[in-house]
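Knowing the structure of chain Z, use the given hints to seat chain H on it.
Chains as they are written, first to last, in my numbering: chain Z, 1 to 512; chain H, 1001 to 1417.
Simulated from the structure, these hints should not be mistaken for lab results. Every residue, glycine too, gets a C-beta built ideally from N, C-alpha and C. Treat the hints with caution; some may be incorrect.
Only part of the chain H face toward chain Z is listed, based on derived beta-carbon distances under 7 Å [stated by the list, open to error]:
(1) A1232
(2) S1244
(3) S1300
(4) G1301
(5) T1408
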Amino acid sequence: MSKDILHMRGISKRFPGVMALEDVNLTVRRGEIHAICGENGAGKSTLMKVLSGVYPHGSYEGKIEFDGRPCEFGTIRDSEQRGIVIIHQELALVPQLSIAENIFLGNERTDRRLIDWNKTNALAAQLSARVGLEENPVTRIQDIGVGKQQLVEIAKALSKEVELLILDEPTAALNDDDSEHLLDLLRGLRAQGITCLIISHKLHEIEQIADRVTVLRDGRTIETLDLGAGEVSQERIIRSMVGRDLDHRFPHREPCIGEEVLRIEDWTVHSPTQRHRAVVRGATLTVRRGEIVGLAGLMGAGRTELAMSVFGRSWGTGISGRLFKNGREIQARTVREAIGHGIAYATEDRKRYGLNLIEDIKRNVSSAALSKLARRGWVDDNREYSVATTFRSDLNIKAPSVLVGTGKLSGGNQQKVVLSKWIFTDPDVLILDEPTRGIDVGAKFEIYTIINRLADDGKAVLLISSDLPELLGLCDRIYTLSAGRVTGEIRGDEATQERLMHYMTMEQEQPA
Amino acid sequence: MSSIVPTGVDEVSTADEEVETSAGERRFSFDVRESGIYVAFLLIVALFFVLTDGALLEPQNISNIVVQNSYILILAIGMILIIIAGHIDLSAGSVVAVSGAIAAVLMVNHDMPWPLALAVTMACGALIGAWQGYWVAYFGIPAFIVTLAGMLVFRALTLVVLGNQGIGPFPDPVRTLANGFTPGYLGNVGLGPLGGADLFSLLVAAVAVTGIVVTQWRTRAARISYHQQVDAFPMFGAKVLGASAVVVFVVIQLARFKNLPWVLVLLALLVLGYSMLTGRAVFGRHIYAVGGNRQAAQLSGVDVRRVNFWIFVNMGVLASLAGVIFAGRLNQAGPTAGTNFELDAIAAAFIGGAAVQGGVGKVVGAIVGGLIMGVINNGMSLIGAPSERVMLVKGAVLLAAVAFDVWTKRRGESAPR
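Chain Z extracted, bound-state conformation:
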């Protein structure tokens, strides 16, 4: 038996308009915990989807060898048969079914084609014990917490005789105790000879648990570090994750900053599903005229939730806090009111929340300010067309005409349509949520140019991004958010990725 259980060689995966992976190599040793690190969009999840057969053989380039044999998985089932099981960040459990039913879903224990409930529940109890889950196997998933649900996923993987377990951000939704328990469990699995691949943003966890770490950046492998000797620090990993030449990726701008336009004061938002849980806690921040202000934070820090709750309370419940525009307190209880106050919010998920993909560019551009094109309730089609056409050429939307459906555009061009739509509402404040997510490098530069021009036009821009170099390259000031709190405010010229990361991962005292 060779020392290495998995070789991935020269893996490349292309999406329309984006090269998600380029010549990625990964070697995993038998029985180790191997971490994969990288910024959002570095290609970690894509690589794992290639490995587990979510993207079938033939849709990517390169070779995969598992346990000494080549792999050509067409479906997830194929990879599971070889003992590779992936646990996604969003758990794939059916809330209304029991723990036992979930563990054996698609893999039912049967007796003459009928489900053998005794065997199912008994085996489920055994597996639960193996992962330290103290629950009756007939308990429904919706009645147990997220931490225990994660354990059910692992039990499910064990039921498939897993050899290589892939965990995508397993502790992202867990509290400290549950995370600690999970990490212990992974150590236990390692002792049983199960190899683990773990994707995580939490570097201190990786430092604790992983034997080796492979760093991805912009869809390429950067290096694999051996953590066993204890010489590799978190800073070393961060440098590897972010270290790149920042000189020419961002257009130059001379900031011309005026008076304060928007002030968010003591803003608190609760989750609509778990009403007692505060997602944003007493956040205060300001944005000034002509200023680009960054909002940094890890996944789950509450950035989008903060932005959307400010934008006409379009997310969350139990919202409290005050909102000031040009020094006067305002109310923005609906999206329409927010737009009326000159606030615009361009969503991070343009396909789900930003665009009507079955309509053309023209109608998407006009959709947030249709009344500007209408007289007595009737839309002036021709003015709409010329407005959209102007935006098409101004923002360089690459499409033969504005009558092309937005569903057919590449990510960068879709984003330009979303920006056009909000610029057309003539806002004073633009909140841009991950404006360059899933966009290739060339289009990113264009989006950056647009953002700079908006600031030059006197707009106040609040930029939410997971891409730290992007924040450093564009912003005059950066707030960091961690677990719903503003943990830092740094001037753009004083900020470094290491400092930002420090504030973003700052541990918070748990609220009483």
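Same frame as chain Z, but now just chain H:
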């Protein structure tokens, strides 16, 4: 507007190039998905014209097709708006019944003047729509459930209102609205071998054709002045000529019979009004936005609940109008009136190109969809086909129309989501 002009960009991704070529090709070809329905309609008419030895397009038969399908077509107008917004209405048939019953009680039992009774009935329809709209829009129950409940409730109310028996006869003006024809205001003129025809009807046709030509021409001219892509002139001319020819032909045939049916006049006005609403009004745009992507609409400042509420109110009003016309045509309001009408209206909308997911559809499409079913009904009964065969064919046509739509959509899809 902004002064934003990005500079220094010369990278064009391959995906963009793909868009350029595919859309470029489409510019010169025929948009099958848009125009397929009209071609299908003409083919079906031609088929039955041959099968019935021309009886299909005889003056009296054209009049029959219009009058027999008018209430379904009125329902289809309301239904298409609901389907565009991504909902469905299963209660329309029962609302037709209860509206006929209310009108009958008011007009026959209480001798209320018919215009007032009609207004009260339509107000009741609006109330019914508001009831259902409330549950759908503000309470968040799927329209399928709300209107399924409504289907039962309003059928039950029909029986209560009627006291389990038919009520009639209706006053003459109501029967005229449902069944009657415009009087020959200006007398007849001779059309050579075609015989005499009503001059007023012909003048209406002339006005309609002028209207079509002038508005189409002005739209085209305005688009050209804004440098928009328009059909090449021969194509434009053929479309306008075709539409005008259909109007002229139908009206001449009707003028040779008993002039224009009042319901045709009513329908024409409704189609015109609702086409304007969906195509050009802010409210109409909001319906498409809600159906296309509800969350995106919400985040663009569209009051989604308000839109959903009002399209159900509108449906209630149109269903009550259809109810009065149907009752007037039978000259009696009966407990089983309107049974399965909602299914015909839904079928009309989908045959006419609406998408099950919402966001797509046109009023004219729904009307043509309804007419396709009307022509199949009428043509098959003319050739003496048994009713089970008619149902079979209608079912097959519905399935084929939607299958065609799904197929063209799948073919048009480029990148995976």
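Hint check:
The beta carbon of A1232 (chain H) is not positioned within 7 Å of any beta carbon in chain Z (closest approach about 16 Å), and the interface hint is therefore violated. Contact between S1244 (chain H) and chain Z, as hinted, is not supported at the beta carbon level, the nearest pair being about 23 Å apart and thus beyond 7 Å. At its closest, the beta carbon of S1300 (chain H) sits 4 Å from a beta carbon of chain Z; the interface hint therefore holds under the 7 Å criterion. The beta carbon of G1301 (chain H) comes within 4 Å of a beta carbon in chain Z, closer than 7 Å, and the hint placing it at the interface holds.
At a threshold of 7 Å, the smallest CB-CB gap from T1408 (chain H) to chain Z is about 13 Å, leaving the interface hint violated.
In terms of the numbered hints stated before, the structure departs from hints 1, 2 and 5, listed from lowest to highest.
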